[in-house]
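Throw the hints in and build the complete structure from the sequences for me.
The residues making up each chain are set out below.
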Amino acid sequence: AQSVSQHNHHVILSEAASLELGCNYSYGGTVNLFWYVQYPGQHLQLLLKYFSGDPLVKGIKGFEAEFIKSKFSFNLRKPSVQWSDTAEYFCAVGGGGYNKLIFGAGTRLAVHP
Amino acid sequence: GAVVSQHPSRVICKSGTSVKIECRSLDFQATTMFWYRQFPKQSLMLMATSNEGSKATYEQGVEKDKFLINHASLTLSTLTVTSAHPEDSSFYICSASGGASGEQFFGPGTRLTVL
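From first to last, the protein sequence lines stand for chains G and Y. Number 113 marks the last residue of the first sequence (this note's numbering); no jumps. Number 115 marks the last residue of the second sequence (this note's numbering); no jumps.
One or more of the hints may lead you astray.
[Stated by the list, open to error] Straight line, CA to CA, 25 Å or less: simulated BS3-like cross-link-like pairs of lysine-lysine: (1) Lys-100/G x Lys-64/Y; (2) Lys-41/Y x Lys-100/G; (3) Lys-49/G x Lys-100/G; (4) Lys-100/G x Lys-55/Y; (5) Lys-66/Y x Lys-100/G.
[What the hints assert, rightly or not] Listing some non-contacts, in silico: residues in chain Y with all C-beta distances to chain G over 12 Å: (6) Val-11; (7) Ser-15; (8) Gly-53; (9) Glu-87.
[Said to hold, decoys possible] Facing chain G, from chain Y, some residues (calculated, C-beta under 8 Å): (10) Ser-43; (11) Leu-46; (12) Thr-49; (13) Gly-107; (14) Pro-108.
None of these hints come from the bench; they were simulated from the model. Where a beta carbon is used, it is the ideal one built from N, C-alpha and C, also for glycine.
Below you can see the structure in the form of structure tokens.
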């Protein structure tokens with residue numbers, strides 16, 4: 001069955017700490033991978049995506065993610081978080097571009113100044 | 001960026017009534033719209049995909065007669081929850097895609113509470 005697993009439901013960090021949010025997926029065939037962010041009171045927004053090519057993907061606001069096919073993983077990283085990164089982060093997988101996305105349960109990140 | 005709105009943002013209704021939720025793409029033409037449902041502390045679950053002018057495609061386990069989807073124009077899709085029951089209480093989110101990239105842009109969601 002197709003699924004996405006996010007390991008951490010809640011993460012609390014201090015500003016300037018490094019961030020890594022885990023995402024593992026189970027999906028047959030060609031896979032497209034996404035990270036979305038939802039800031040408090042706002043819509044889901046695309047943070048970054050992987051369709052093909054370089055498995056290290058850079059997104060907005062200093063975020064990056066690495067697709068490791070052998071581990072079925074697409075972990076999100078940021079070397080130094082800011083208070084404004086406080087949000088909920090969703091990993092998603094799809095098989096045809098942006099269609100039929102399967103989302104993980106989300107990770108709620110709180111960054112303390 | 002592309003903007004998607006939903007109306008209403010919150011709705012409370014009595015059991016047995018029907019509720020309509022609107023999803024609009026404000027500054028682009030959405031050839032495809034998606035409807036998701038989100039339970040507390042759980043992920044977004046895709047309910048259905050609708051293409052303008054054609055019938056929606058429902059995901060397995062989603063009752064098409066209960067969750068009526070209409071995508072009559074390139075800027076509007078509606079989800080009607082018919083004969084709502086308390087177990088239909090949830091957060092309903094739409095997204096819209098259009099253009100070459102096909103990127104989905106999400107609405108703010110609608111909180112439905114059925115008493």
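Each hint, compared with the structure:
The suggested pairing of Lys-100/G with Lys-64/Y holds, with an alpha-carbon distance near 17 Å, which does not exceed 25 Å. Taken as a hint, the Lys-41/Y and Lys-100/G pair is honoured in the structure, with Cα atoms around 21 Å apart against an allowance of 25 Å. Under the criterion of a C-alpha separation no larger than 25 Å, the hint pairing Lys-49/G with Lys-100/G is consistent with the structure, at around 15 Å. Using a Cα cut-off of 25 Å, the hinted pair Lys-100/G and Lys-55/Y holds, with the two alpha carbons roughly 16 Å apart.
A threshold of 25 Å between alpha carbons decides the hint, and for Lys-66/Y with Lys-100/G the separation of about 21 Å falls inside it, so the pair holds. For Val-11/Y, the condition that its CB be more than 12 Å from all CB atoms of chain G holds, with the nearest at approximately 18 Å. With a closest Cβ-Cβ approach of about 28 Å to chain G, Ser-15/Y is found to remain outside the 12 Å limit, as its non-interface label requires. With a cut of 12 Å on Cβ distances, Gly-53/Y stays outside the contact zone with chain G, its closest approach being about 18 Å.
The claim that Glu-87/Y is not at the interface with chain G holds, since no C-beta of that chain comes within 12 Å of its own (minimum 20 Å). A distance limit of 8 Å between C-beta atoms decides the matter here; for Ser-43/Y the minimum to chain G is near 4 Å, and the interface restraint holds. A distance limit of 8 Å between C-beta atoms decides the matter here; for Leu-46/Y the minimum to chain G is near 6 Å, and the interface restraint holds. Annotation: interface hint on Thr-49/Y holds; nearest CB of chain G at approximately 7 Å, less than 8 Å.
Taking 8 Å as the C-beta contact cut-off toward chain G, the hint placing Gly-107/Y at the interface holds, the least distance being around 6 Å. Interface hint at Pro-108/Y: satisfied, since its Cβ lies 5 Å from the closest Cβ of chain G, which is below the 8 Å cut-off.
In summary, the structure agrees with every hint in the numbered list given earlier.
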